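Peer 1: Given chain H, work out where chain E should sit, using these hints.
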Amino acid sequence: MDMPAPSHDVLNRKSRIVDRLKNALSVEHVKSDPVETRAYECDALAAYACQPLCVVLPGSTGEVADVLRICSEERVPVVPRGSGTSLAGGAMPTSDCVVLGVSRMTRVLEVDYECRCIRVEAGRTNLSVTGAVEEDGFFYAPDPSSQLACTIAGNVAMNAGGAHCLKYGVTTNNLLGLTMVTMDGSVVEIGGAHMDASGYDWLGLVCGSEGQLGVVTEATLRILPRPEGAMPMLIGFASPEVAGACVSDIIRAGVLPVAIEYMDRKVIEVVESFSQAGYPDCEALLIVEVEGSPAEIDDQLGIIGDIARRHDPIELREARDADDAARIWLGRKSAFGAMGQLNDYMCLDGTIPVSELPRVLKRIGALSRQYGLDIGNVFHAGDGNMHPLILFNANSPGELETCEVLGAEILKLCVEAGGCLTGEHGVGIEKRDLMHVQFDPADLEAQMNVKDVLDPAWLLNPAKVFPLGATATRRAAA
Amino acid sequence: MLIPADERELAEAVSGAARPLAVRGGGTRPVGHPVDGDDLTVAGLSGITLYEPGALTLIARAGTPLVEIQAALAAEGQMLAFEPMDHRTLLGTSGEPTIGGTVAANASGPRRVRAGACRDFLLGVRFVDGRGKIIKNGGRVMKNVTGYDLVRLMAGSRGTLGILSEVCLKVLPRPESTAVLLLAGLAVDVAVRAMSAALNSPYEVSGAAHVPVGLDGDPVTMIRLEGFEASIAYRAERLTDHLAEFGPVEIERRTEGPESATAGWAWIRDVEAHGGTGEDVWRFSIPPREAPALVESLGDARVVLDWGGGLVWAAVEPGCDARRSISSGHATIIRAEDETRNRLGVFQPEPEPLATFAEGLRRKFDPEGILNPGLMG
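Top to bottom, those sequences are chains H and E.
For the first sequence, position 96 matches number 96 in the working numbering, and the numbering has no gaps at all.
For the second sequence, position 353 matches number 353 in the working numbering, and the numbering has no gaps at all.
Take every hint as true, because none was put in to throw you off.
Here are the simulated DSSO-like cross-link-like pairs (lysine-lysine), alpha carbons at most 30 Å apart as the crow flies:
#: 1; chain 1: H; residue 1: Lys266; chain 2: H; residue 2: Lys167
#: 2; chain 1: H; residue 1: Lys362; chain 2: H; residue 2: Lys333
#: 3; chain 1: E; residue 1: Lys364; chain 2: E; residue 2: Lys136
#: 4; chain 1: H; residue 1: Lys362; chain 2: H; residue 2: Lys412
#: 5; chain 1: E; residue 1: Lys136; chain 2: H; residue 2: Lys167
#: 6; chain 1: H; residue 1: Lys412; chain 2: E; residue 2: Lys136
#: 7; chain 1: H; residue 1: Lys333; chain 2: H; residue 2: Lys167
#: 8; chain 1: E; residue 1: Lys133; chain 2: H; residue 2: Lys412
#: 9; chain 1: H; residue 1: Lys266; chain 2: H; residue 2: Lys333
#: 10; chain 1: E; residue 1: Lys136; chain 2: H; residue 2: Lys362
#: 11; chain 1: H; residue 1: Lys266; chain 2: H; residue 2: Lys412
#: 12; chain 1: E; residue 1: Lys133; chain 2: E; residue 2: Lys364
Calculated directly from the structure, the hints in this document are not laboratory data.
Please read all numbers here as calculations on a predicted model, not as lab measurements.
Next comes chain H alone, as it looks inside the complex (with noise of 0.2 Å):
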């Protein structure tokens, strides 16, 4: 993976912004000391790694302001992190850059349940968002699996998604404001406990560029009230395509689950050893949960059941309490973990139209014999946001290489189909050099020209998203 040559002029002067750094926040929040920078060389894309030139842990929204000063007139580039979740490389430090930390703000501001929305500093986790307002019966759905870990920072600057988001939205639908800071240290308010922009969508513009417009540190969010209730029904299918037919057919019908899961053999053979979760001896399997009353779920689980009979289904089993509930979904919660006991693997996401999904199936399995590398597959298949897990050994010499390459054509292939190279973990510096498959050079341009305007100096995540090449002039002029 190619990274910029760092600075040797910013390399050269460590200590002096060090010390500045240090004399705008208290000392211990500005970490330089190799030992301790070290659990910040690289995020949850663990196969690249670069010690940064510094870590600095602000407190407050002033204090980012102050960071982003000094790094500013110093010239340094900086890294915003919210846990270091990212599966692309969104949070990678260079030699010569200062990574800004927001996990030390974590305070609720405000909870507003007549207009709907929770106000938190940004560094606070997905879920414990959620958990500041369950108790009176709401929660906040995007949930994307490191919700344990994950912040709002980093959900907001990659637009995260989740398992449920087919009827509740990703990121950019449920959010409502946004305090940010921008490179030269300017404090951005940006919406509120109101709807919708008067001007243009800065939102909607700033969610999803992975920190490269500007360092979020506090959010407005949508809250919702809990349904009433939630069941899972479980169906086997005989091969992927009859699965992604019957997937189609779920949505056609009216009926809008929350979620659509989705798992070929590989994957069930291995969570089933792992987690003994009853699964099926089956091709495909989907997890399609609604949700209602009691009544309005038997009523939309017979709707789905009668559609999943007319593709003849291997099993079909619905769940009838929260136990059977919980092993239906304990084989798909644990597939991430249970894949990883098996070997090493890349998991990919690129998105699909979801009529495309029997086809791309197809030809992903054809893709893992000619390359030799297993792939097994679980995604969210309702809204066509495929997961091939690629499995390899790092240990093995060149394998990670040609998994790489294997991505590659796996993503050239979800574009070709009509898709996209990323649904919900974002560019980083992982699909970076993909982004010619999917843009034209003047699509990019379009993209690159809205970060002049708001990091003219091209100094915030530099390095990410947009192909090296791309940016090499914007980013030698900084």
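Peer 2: For chain E alone, coordinates are given in the frame of chain H:
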């Protein structure tokens, strides 16, 4: 009037423009500052190019009439869930609203409060920037975080950063059944509390509106439920109990169909109450809890509350500055004389550094100032 027939002609019209262009779709929503330029409409770029009901996606050229899209969706039992507002009654305009104009204005209706705004259903765009370059962003899939989200930037940018040539939208199933709960005689503050109680219930309320002076002269509060028939029957009953403290609830129930247009929601959506009068019309997007204070501050202005109080439409005395009545959110002049619009500004002034950023974006996307210059102030 320039009427390009396809995207390439549109790009040529822009790159060849010697002076500014006043861009429009059907011209039914002339909101914003007047633009001095040659008229250009995208109405010539028309037609649905892809519709996959099983994937809940529809792609259409920007000039496609909204009615054509709605008819195609209805034939498959689907709909535009954001319930786009039709401005013709309110603004006294004629012509055919287009999907491009709808997106450019981010026009949403009562269901916004639950389902989301137009911008939430926009999956992808193609547009022509001020130099005549064709640019795409987003795509046709439900989840897409590949690169910056210019899709949402284009929604609501009113043709000032680019001219939409094609849009891709997420669509949803049309509900099988609708029920409306009516509460009579509530004061505004009580009505906002009642709407809040309804929206905070688990029954997935898809509309919450209040009119202090309804068709029969008395206050009426409307709560809408949509879904499968059996579910709606159950939810209407439960919600009636839930709202007992606000007085007797009358339940209107019917199966979704053409007759539902008479249900009052189109009347709310299109703000028909303020159509054809001589007053100025202001649109306020505010935190719902602040609605009672806003209404009080507006004095004897006629108001319509939607989104549980988060959207207030006020008909006020011509020329007066109603923006002073809010402490947060934003106020937009939807209907007024040019003099009033120029004096007070149509849109909420943006605080720094956003105003500078907005100007910076316009310089990047439209360096020569060709696209609706000055429309957004």
